[in-house]
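> With these hints in hand, go ahead and build the complete structure from the sequences.
Same order as they appear, the protein sequences are chains Y and Z.
Residues 1 to 522 (the numbering used here) are what the first sequence spells out, left to right.
Residues 1001 to 1123 (the numbering used here) are what the second sequence spells out, left to right.
Be aware that one or more of the hints could be misleading.
[To be verified] Pair ranges (Cβ atoms, derived): (1) P309/Y x V1054/Z: 43 to 53 angstroms; (2) A1047/Z x A422/Y: 28 to 38 angstroms; (3) P216/Y x S1002/Z: 24 to 34 angstroms; (4) G1049/Z x P309/Y: 30 to 40 angstroms; (5) A1073/Z x Q131/Y: 43 to 53 angstroms; (6) A1060/Z x V515/Y: 51 to 61 angstroms; (7) S490/Y x A1078/Z: 50 to 60 angstroms; (8) A1061/Z x D401/Y: 26 to 36 angstroms.
[Said to hold, decoys possible] Once the Cα atoms are required to be at most 20 angstroms apart in a straight line, the calculated EDC-like pairs of lysine to aspartate or glutamate come out as: (9) K511/Y x E1015/Z; (10) K454/Y x D1063/Z; (11) K454/Y x E404/Y; (12) K467/Y x E79/Y; (13) K1048/Z x D235/Y; (14) K229/Y x E256/Y; (15) K211/Y x D1038/Z; (16) K1048/Z x E1082/Z; (17) K454/Y x D1008/Z; (18) K164/Y x E341/Y; (19) K511/Y x E1082/Z; (20) K211/Y x E186/Y; (21) K454/Y x D1033/Z; (22) K454/Y x E1074/Z; (23) K1048/Z x E230/Y; (24) K454/Y x D224/Y; (25) K231/Y x E1007/Z.
Honestly, the hints are just simulated from the structure, not real lab data.
Glycine included, every Cβ here is placed at the ideal spot set by N, Cα and C.
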Amino acid sequence: MSGVNTAGWRPSMNEVALGDMAPATQSGDRALMLEEALIFELGCEGQTGVDIEAPSKAVSPALSKFRRKAAPALPGLSEPETVRHYTRLSRQNYGIDLGPFPLGSCTMKHNPRLNEKMARLPGFADVHPLQPQKTVEGALEVIEQLADWLMKLTGMASVAMSPKAGAHGELCGLLCIRAALDARGESREIVLVPESAHGTNPATAAFAGFKVQAIPATPEGRVDLEALKEKLGPDVAGVMITNPNTCGLFEPDLKEIADAVHAVGGYVYCDGANFNAIVGRVRPGDLGVDAMHINLHKTFSTPHGGGGPGAGPVVLSEALAPYAPLPFVTRGEEGEVHLVEEENRGEGHERAFGRMVAFHGQMGMFTRALAYILSHGADGLKQVSEDAVLNANYILRSLEDVLEAPFGKSGPCMHEALFSDAGLPDGISTLDIAKGLIDEGFHPMTVYFPLVVKGAMLIEPTETESKQGLDRFIASMRNLAQRAQEQDESLHTAPHFAPRRRLDETRAARKPVLVWKGDEEA
Amino acid sequence: MSVYYSEDHEWIEVEGDLGTVGITDYAQGQLGDITFVDLPEEGATVAKGDSIAVVDSVKAASDVYTPVSGEIAETNDALADEPELVNSDPEVGGWLFRVKLADASELEELMDEAAYKKFVAGL
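Structure, rendered in structure tokens:
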């Protein structure tokens, strides 16, 4: 307990800030300066937020062997102390509500407060998954309306609303493909995954029991169409392709790829994580896609990690629609919305491959996503993708003279701008730039991904940053690039102003300490 | 006894019908600090080009492809506690697995040291 600063501030902060290695930041920001102990190290024994009656001495003989020998190691804090602990921790966090969050491939956009207001309406917020359907017709209507929008925006025949996240949606799509192959009496084993696809794609294919074969990228950062065609054959179940891809580029050959895959009897899975760049402009169904998940927390502005499971609906082509998992929300002949479950699967879902989740999905995410769609309208969504792409290209062109842009000559980027450490002097790494960005008061970009680019820095500003905000970010990045060229040693020790300095990530991974075990083992 | 190299930066040292496989010094340098190595099961049958091991570093998780077909005879247990051996001694103590060769002619498709050095220099 000694040495713990219960006030929450790090007493040595001024020394750190004035230390000889500390540089001045471009933005003038000093990151966040809070310090906080573990909740177990705060408070004192016997203190609680509520009065609990002493337990009765009489314990039934049947339970007596379970009586505790020692008090449980619970933290002893009053209610305000507990509130303050978590509030202080929250102030150490950095989120989209504090500043730009340019994490490539993640679409960290603003979560409109109107969404929150809608999601908190009691008819949506307080429903129970087991209450009678006729008491939740409004909620079911929301799910169905959202499903209808997602089908229209993607040009697809059907949508499974129950998957809980992007990777869960990928699995759903691949299980649909497997079910379709089973129905044809075929046991195809291979799924082709381009190097420019999302990292979860090969993992999903392997998890679904397929063998993964990689397709190389062209020097321009796109799928090597010829290499893909060479791998096609009777054992290919399908291809998993990310469009726009993780190099931030549109795959103009997707239609040709899809036609070639269909010609050999395979299916096309598209990773929809980057849908924000094309929503309202390109319908994946028109490009021959058979299945695509949609991350509602990316394109449709629901919070990342928004208080429970997320939602990763999967849109499906005519070919895969019959195999969508239950439960399924459907509109009956008289316009009423109801659920198709095992007992009524005869309503067109006889071939459903099964069930991935207990209930129908995350109501809070559905409500937020529909609120986002309705408040933007079709024209607004079109502007979303336009502004997201414009912002990313503004960053690409504003930094390509100071940072190597490996695909800068491949034409405009889509929603994210990709740089590499190739132009940085020896000894200065992508990690140094990312850590320097923390000192500048920004969350770092995605680093060392995609793997096809050495020392990658992937920046996705999204449409919700203003030009002034982007200019401020660009100024900080240019300053970091200049410091790198000058071999500024202080970059190696950044961040200087964050609550923690450069962490030993290697040791944290090799010898992780994951559980607090009390003072005796500290 | 001779050593061969693959374009995926694996080396294989062959003695009789037993090949010892690891990743090259160039590969470990590119990956950075190795934090975990996921090895195949002993006795598993593998085909040339299969992804059969994973090397995690602070930057990325990378697949290791077996440069030859055969049966896994032994894996390097020391890496469970000391994955850093792949960084410090990649081509000796940091070996990953030993494979009983099914088809020695597969070695002909690999590079010798001089060819691999040339290959790396061109990257």
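> Determine for every hint whether it applies to the structure shown.
For each hint, the structure was consulted:
1. For the hinted restraint 43 to 53 angstroms between P309/Y and V1054/Z, the CB-CB distance of approximately 28 angstroms leaves it violated.
2. One distance hint, 28 to 38 angstroms for the beta-carbon pair A1047/Z and A422/Y, holds here, with the actual separation near 35 angstroms.
3. At about 29 angstroms, the beta-carbon gap between P216/Y and S1002/Z stays in the expected band of 24 to 34 angstroms.
4. Hint check: G1049/Z to P309/Y, Cβ distance near 38 angstroms, so the stated range 30 to 40 angstroms holds.
5. At about 60 angstroms, the beta-carbon gap between A1073/Z and Q131/Y misses the expected band of 43 to 53 angstroms.
6. Separation of A1060/Z from V515/Y is about 27 angstroms and departs from the stated range, judged on CB atoms against 51 to 61 angstroms.
7. Our hint of 50 to 60 angstroms for S490/Y and A1078/Z is violated, since their Cβ atoms are close to 38 angstroms apart.
8. Between A1061/Z and D401/Y, the C-beta spacing of about 33 angstroms keeps the proposed range 26 to 36 angstroms intact.
9. At most 20 angstroms may separate the alpha-carbon atoms for a hinted pair to count; K511/Y and E1015/Z exceed this at roughly 35 angstroms.
10. Taken as a hint, the K454/Y and D1063/Z pair is honoured in the structure, with Cα atoms around 16 angstroms apart against an allowance of 20 angstroms.
11. A distance of roughly 11 angstroms separates the Cα atoms of K454/Y and E404/Y; the hinted pair therefore holds under the 20 angstroms criterion.
12. For the hint linking K467/Y to E79/Y, the alpha-carbon distance of about 43 angstroms lies beyond 20 angstroms, and the restraint is violated.
13. As the CA atoms of K1048/Z and D235/Y are separated by approximately 18 angstroms, the hinted pair is consistent with the 20 angstroms bound.
14. Simply put, K229/Y and E256/Y have alpha-carbon atoms about 10 angstroms apart, close enough for the 20 angstroms limit, and the pair holds.
15. A threshold of 20 angstroms between alpha carbons decides the hint, and for K211/Y with D1038/Z the separation of about 18 angstroms falls inside it, so the pair holds.
16. At most 20 angstroms may separate the alpha-carbon atoms for a hinted pair to count; K1048/Z and E1082/Z exceed this at roughly 27 angstroms.
17. With a CA separation close to 15 angstroms, the supplied pair K454/Y and D1008/Z stays within the 20 angstroms bound.
18. A distance of roughly 18 angstroms separates the Cα atoms of K164/Y and E341/Y; the hinted pair therefore holds under the 20 angstroms criterion.
19. Between K511/Y and E1082/Z the CA atoms are separated by roughly 10 angstroms; this keeps the pair inside 20 angstroms, and the hint holds.
20. A distance of roughly 15 angstroms separates the Cα atoms of K211/Y and E186/Y; the hinted pair therefore holds under the 20 angstroms criterion.
21. Taking the CA atoms of K454/Y and D1033/Z, the gap is about 15 angstroms. The hint holds against a cut of 20 angstroms.
22. Distance restraint check for K454/Y and E1074/Z: the Cα-Cα separation of roughly 33 angstroms exceeds the 20 angstroms cut-off, and the hinted pair is therefore not satisfied.
23. Our distance criterion of 20 angstroms between C-alpha atoms is met by K1048/Z and E230/Y, whose separation comes to about 18 angstroms.
24. Of the pairs offered as hints, the one joining K454/Y and D224/Y holds, with about 19 angstroms between alpha carbons and a cut-off of 20 angstroms not exceeded.
25. The hinted pair formed by K231/Y and E1007/Z meets the criterion: a straight-line CA distance of about 19 angstroms does not exceed 20 angstroms.
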